[in-house]
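Top line first, the protein sequences correspond to chains A and B.
The working numbering runs 20 ahead of the 1-based position in the first sequence.
The working numbering runs 20 ahead of the 1-based position in the second sequence.
Take these hints with a grain of salt, some might be off.
If chains are identical, the list can't say which one is meant, so a pair holds when it fits in one copy or spans any two.
Claimed, not checked - Below, computed lysine to any residue pairings styled on SDA-like, alpha-carbon distance capped at 25 Å:
no.: 1; residue 1: Lys286; residue 2: Asn35
no.: 2; residue 1: Lys54; residue 2: Leu235
no.: 3; residue 1: Lys133; residue 2: Ile76
no.: 4; residue 1: Lys137; residue 2: Tyr232
no.: 5; residue 1: Lys276; residue 2: Val132
no.: 6; residue 1: Lys198; residue 2: Asn117
no.: 7; residue 1: Lys278; residue 2: Leu92
no.: 8; residue 1: Lys237; residue 2: Gly33
Because the hints were derived from the structure by calculation, they are not lab data.
Listed here are the chains, written in short residue letters.
There are 2 protein chains.
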Amino acid sequence: MADIKQLHVIKIGGNVIDNSENLYHFLKDFTALKGHKILVHGGGKVATQIAETMGIESQLVDGRRITDIETLRVVTMVYGGLINKNIVAQLQRFGTNAIGLTGADGNFIRAVKRPVKTIDYGFVGDLDDKSIDADAISRLMEAGFTPAFCALTHDGEGQMLNTNADTIASALAVALSKHYETTLIYCFEKKGVLQDINDEDSLIREIDPIRYEELKKAEIIHSGMLPKLDNAFTAISCGVKAVIIGKADELSTLQKNKPFGTRLSK
Amino acid sequence: MADIKQLHVIKIGGNVIDNSENLYHFLKDFTALKGHKILVHGGGKVATQIAETMGIESQLVDGRRITDIETLRVVTMVYGGLINKNIVAQLQRFGTNAIGLTGADGNFIRAVKRPVKTIDYGFVGDLDDKSIDADAISRLMEAGFTPAFCALTHDGEGQMLNTNADTIASALAVALSKHYETTLIYCFEKKGVLQDINDEDSLIREIDPIRYEELKKAEIIHSGMLPKLDNAFTAISCGVKAVIIGKADELSTLQKNKPFGTRLSK
Numbered sequence: 021m022a023d024i025k026q027l028h029v030i031k032i033g034g035n036v037i038d039n040s041e042n043l044y045h046f047l048k049d050f051t052a053l054k055g056h057k058i059l060v061h062g063g064g065k066v067a068t069q070i071a072e073t074m075g076i077e078s079q080l081v082d083g084r085r086i087t088d089i090e091t092l093r094v095v096t097m098v099y100g101g102l103i104n105k106n107i108v109a110q111l112q113r114f115g116t117n118a119i120g121l122t123g124a125d126g127n128f129i130r131a132v133k134r135p136v137k138t139i140d141y142g143f144v145g146d147l148d149d150k151s152i153d154a155d156a157i158s159r160l161m162e163a164g165f166t167p168a169f170c171a172l173t174h175d176g177e178g179q180m181l182n183t184n185a186d187t188i189a190s191a192l193a194v195a196l197s198k199h200y201e202t203t204l205i206y207c208f209e210k211k212g213v214l215q216d217i218n219d220e221d222s223l224i225r226e227i228d229p230i231r232y233e234e235l236k237k238a239e240i241i242h243s244g245m246l247p248k249l250d251n252a253f254t255a256i257s258c259g260v261k262a263v264i265i266g267k268a269d270e271l272s273t274l275q276k277n278k279p280f281g282t283r284l285s286k
Numbered sequence: 021m022a023d024i025k026q027l028h029v030i031k032i033g034g035n036v037i038d039n040s041e042n043l044y045h046f047l048k049d050f051t052a053l054k055g056h057k058i059l060v061h062g063g064g065k066v067a068t069q070i071a072e073t074m075g076i077e078s079q080l081v082d083g084r085r086i087t088d089i090e091t092l093r094v095v096t097m098v099y100g101g102l103i104n105k106n107i108v109a110q111l112q113r114f115g116t117n118a119i120g121l122t123g124a125d126g127n128f129i130r131a132v133k134r135p136v137k138t139i140d141y142g143f144v145g146d147l148d149d150k151s152i153d154a155d156a157i158s159r160l161m162e163a164g165f166t167p168a169f170c171a172l173t174h175d176g177e178g179q180m181l182n183t184n185a186d187t188i189a190s191a192l193a194v195a196l197s198k199h200y201e202t203t204l205i206y207c208f209e210k211k212g213v214l215q216d217i218n219d220e221d222s223l224i225r226e227i228d229p230i231r232y233e234e235l236k237k238a239e240i241i242h243s244g245m246l247p248k249l250d251n252a253f254t255a256i257s258c259g260v261k262a263v264i265i266g267k268a269d270e271l272s273t274l275q276k277n278k279p280f281g282t283r284l285s286k
């Protein structure tokens, strides 16, 4: 039987996108990474800046953007156009044959508009276990292309939707685990999960579910990291081989088979 | 030997994009068209409107937009994001498995920044006979996807460029003629080439090169149509089977094997 192919799903956020030098180095290191790979990027500050220039106020509730129709226009332009296409053009320069995508393209990610409960999030799309068309994404990769997804999806009825980039990365990694041995990498502003949040040298290299319970009991993992790690272990229990949380500028160490960030696995 | 596959390359401009009802019907008719197809769309008025909202002045010289760095940001957002992704989401709703593209995606269209002579057009990309990667586009189509290109290309060095949508449509049709029997369709505000510009019933159904010379001599083809028709006959001499100039809302007649617009061929 042939070896199962490796896939890396790598998510970058504002701290990489907003700094052109960080982005340059990251995309170069991304290109050097062997095997199949998928890039997922968030929005960065530029969407907020452009919305301001256009006189559209950005509303955030619990760190999530309220996506009214005007804001949806802005994020469709900025995430799907400005940021995504500039990332693709740079990846091409380095030799990665990227195709920039939203979930509408290829019907790859179909979401459901979030139902209104206490808060109306507007045009925000939630994912379920049928959202990702892993076969179609696999077909695109096997045809020689590297997907670069922004944080946009659609509802299948003609409506674009705004979906959290971390959620998209995790859903892609889970769904593609049926085709590939998948590692999900979250690029982060810190080196990974730290024993002491103020000490970058206190990096925890490996966490398995048992160690995770110990770290939670000892209150070493602080509140902000809890949902991230809970989601990571959920992804692992759904078939993802490992989740790595690490610093974007250290991605190249992966190529050298050196340890990178905090590795979460079974 | 297997029959050579049919391909339609269809270009739409502002008169379809700027009117949501026209666009709805066009995308529905586009979906009904059998065989391989590629959509190419221009920008419409929305880029100018958004540039104005952002306080960026649009400069046009001889009907061509001067693309300074600020304008390039706007067209990358609006063509590549807002317009392209909304078209893709609507195509998906109708059942066309579209992927929205710029020339940077898949390295499908590599252009050369226009050299500065008397006018500096800014970040405008010109195409040559090596610009289109027909093999790669064919690979994407054979994997089951329908390309929807906007009027953006790249230089292969990380720079996005603005390229005329008519030029992109023609270059795609020529390059893909080596893989497919290709028909290039320009959707137009009139029914096609008219004997009398004020009479929509005076449509000329067929023009071959001999008839074209006659029409030019008789001054029936007016100045504005000359470059369009010259380019069409160049495309035909480079392998495109036929070029059709017709009204977007009559596209469905193609399905019924009825004549549509003005058909130019050898």
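How the hints compare with the structure:
no.: 1; hint: Lys286 / Asn35; in the structure: neither (29 Å within a copy, 57 Å between copies)
no.: 2; hint: Lys54 / Leu235; in the structure: neither (33 Å within a copy, 59 Å between copies)
no.: 3; hint: Lys133 / Ile76; in the structure: within (22 Å within a copy, 34 Å between copies)
no.: 4; hint: Lys137 / Tyr232; in the structure: neither (33 Å within a copy, 65 Å between copies)
no.: 5; hint: Lys276 / Val132; in the structure: neither (41 Å within a copy, 37 Å between copies)
no.: 6; hint: Lys198 / Asn117; in the structure: both (24 Å within a copy, 23 Å between copies)
no.: 7; hint: Lys278 / Leu92; in the structure: neither (41 Å within a copy, 41 Å between copies)
no.: 8; hint: Lys237 / Gly33; in the structure: neither (29 Å within a copy, 62 Å between copies)
Comparing the model with each earlier hint shows violations of hints 1, 2, 4, 5, 7 and 8; every other hint is respected.
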